[in-house]
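Engineer: Sequence:
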Amino acid sequence: MKVLSIKDLSFAYEDKKDVLKHVSFDVEKGQYVSLIGHNGSGKSTLAKLIVGLLELQSGSIEVFGDTLNTTNVYKIREKVGIVFQNPDNQFIGSTVRDDIAFGLENHCVPHAQMDDIINEYAQKVNMSEFLDKEPTRLSGGQKQRVAIAGVLAMKPEIIIFDEATAMLDPKGKKEIREYILKLKEENPNLTIISITHDIEEAYNSDEVIILNDGELYMQGKPSEVFKDDEKMEQIDLDLPFITKLKKTLVMRNVDVSDAKTLEEMVIKLCQ
165 MKVLSIKDLS
175 FAYEDKKDVL
185 KHVSFDVEKG
195 QYVSLIGHNG
205 SGKSTLAKLI
215 VGLLELQSGS
225 IEVFGDTLNT
235 TNVYKIREKV
245 GIVFQNPDNQ
255 FIGSTVRDDI
265 AFGLENHCVP
275 HAQMDDIINE
285 YAQKVNMSEF
295 LDKEPTRLSG
305 GQKQRVAIAG
315 VLAMKPEIII
325 FDEATAMLDP
335 KGKKEIREYI
345 LKLKEENPNL
355 TIISITHDIE
365 EAYNSDEVII
375 LNDGELYMQG
385 KPSEVFKDDE
395 KMEQIDLDLP
405 FITKLKKTLV
415 MRNVDVSDAK
425 TLEEMVIKLC
435 Q
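Remember, this note's numbering sits 164 above the position in the sequence shown when you count from 1.
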């Protein structure tokens, strides 16, 4: 089932060249899709168009079969949540509890139900003990987990992570990367679109879409996309560590081509 369909999408900001050029792709229900590309390739612009923060200029966006327009944008936002690059830009409340509650209030959730929902999703992201803390006093990774809890509490069917790890230190990046995988494992029908520079994260997704200079450059399973190192080199994108390691081992006549993770590779090498 297609939950998102992008057709011939083009977009340009005022007095600038096209940021997106005739982009088309589909996303299936339950997929974990990584959207990668250099700065200026149009990734974040695409995310803002999907949630209606920017107005369509050319082409179309369908969400669960509904064509996005100015009359149904709020209905579509009920199904699509977004976590931005800078969590500080998403904080509204003076405490973590207030911040998670904000989206629920906008969705007219009865106050009698709010505490249970807030506690449930704070627990899911391991932030229960911080509910009465000020968001500004949290670490970058903690702030991003609060932002994720606020989105999850509204029970969207699609979550877009727009460079959600870009401003985090290595520990914070690892936390969020692992949490996204856990989230997918626990919610098989949830569709995740991660806009990222993190090649290692992209390797763990179901599908990779690469944008280059506003155009769809490559699309497919990570193992297939990253295998084409020639195409990756043409646009100066790095390869995941596991892909580099596989290539080195193949040069030494060690076949680990069917290993999907480093753990699987270690097991195979030890056999």
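Wrong hints could be hidden among the right ones.
[Claimed, not checked] Derived lysine to any residue pairs resembling SDA-like cross-links, with alpha carbons at most 25 Å apart:
1) K297 to P352
2) K288 to N353
3) K408 to N353
4) K166 to E219
5) K288 to E219
6) K288 to T209
7) K319 to G216
8) K346 to E427
9) K288 to D262
10) K181 to G204
11) K338 to K391
12) K385 to L403
13) K166 to K319
14) K348 to K411
15) K319 to F248
16) K166 to I240
17) K171 to G384
18) K212 to L347
19) K193 to G304
20) K348 to M382
21) K193 to K408
22) K411 to L347
23) K193 to P352
24) K408 to Y381
25) K432 to M382
Treat the hints as calculated values from the structure; they're not laboratory data.
Engineer: Now tell me, hint by hint, if it's right for this structure.
Structural biologist: Here is how each hint holds up against the structure:
Between K297 and P352 the CA atoms are separated by roughly 32 Å; this puts the pair beyond 25 Å, and the hint is violated. For the hint pairing K288 with N353, the CA-to-CA distance comes to about 17 Å; that is within 25 Å, so the pair holds. Restraint check for K408 and N353: the C-alpha separation of about 32 Å exceeds 25 Å, so the hint is violated. In summary, the hint linking K166 to E219 is supported, as the alpha carbons are separated by about 22 Å, within the 25 Å threshold.
Between K288 and E219 the alpha-carbon distance is near 34 Å, which puts this suggested pair outside the 25 Å criterion. This hinted pair does not check out: K288 and T209 have alpha carbons roughly 30 Å apart, beyond 25 Å. Pair hint K319 plus G216 holds up; C-alpha atoms about 18 Å apart against a cutoff of 25 Å. As the CA atoms of K346 and E427 are separated by approximately 17 Å, the hinted pair is consistent with the 25 Å bound.
As the CA atoms of K288 and D262 are separated by approximately 17 Å, the hinted pair is consistent with the 25 Å bound. The suggested pairing of K181 with G204 holds, with an alpha-carbon distance near 11 Å, which does not exceed 25 Å. For the suggested pair K338 and K391, the alpha carbons sit about 24 Å apart, so the restraint of at most 25 Å is met. A hinted pair counts as satisfied when its Cα atoms are at most 25 Å apart, and K385 with L403 qualifies at roughly 14 Å.
Between K166 and K319 the alpha-carbon distance is near 19 Å, which keeps this suggested pair within the 25 Å criterion. Of the pairs offered as hints, the one joining K348 and K411 is violated, with about 29 Å between alpha carbons and a cut-off of 25 Å exceeded. Among the hinted pairs, K319 with F248 is consistent with the structure: their alpha-carbon atoms are about 17 Å apart, no more than 25 Å. Distance hint between K166 and I240 is fulfilled; the C-alpha atoms sit about 15 Å from each other, no more than 25 Å.
In summary, the hint linking K171 to G384 is supported, as the alpha carbons are separated by about 17 Å, within the 25 Å threshold. At roughly 22 Å between alpha-carbon atoms, K212 and L347 fall within 25 Å of each other, so this suggested pair holds. A hinted pair counts as satisfied when its Cα atoms are at most 25 Å apart, and K193 with G304 does not qualify at roughly 30 Å. Taking the CA atoms of K348 and M382, the gap is near 23 Å; set against the 25 Å cutoff, the hint holds.
With a CA separation close to 31 Å, the supplied pair K193 and K408 exceeds the 25 Å bound. The hinted pair formed by K411 and L347 fails the criterion: a straight-line CA distance of about 31 Å is larger than 25 Å. Taken as a hint, the K193 and P352 pair is honoured in the structure, with Cα atoms around 9 Å apart against an allowance of 25 Å. Between K408 and Y381, the direct Cα distance comes to roughly 21 Å. Compliance with the 25 Å bound is thereby established for this hinted pair.
This hinted pair does not check out: K432 and M382 have alpha carbons roughly 30 Å apart, beyond 25 Å.
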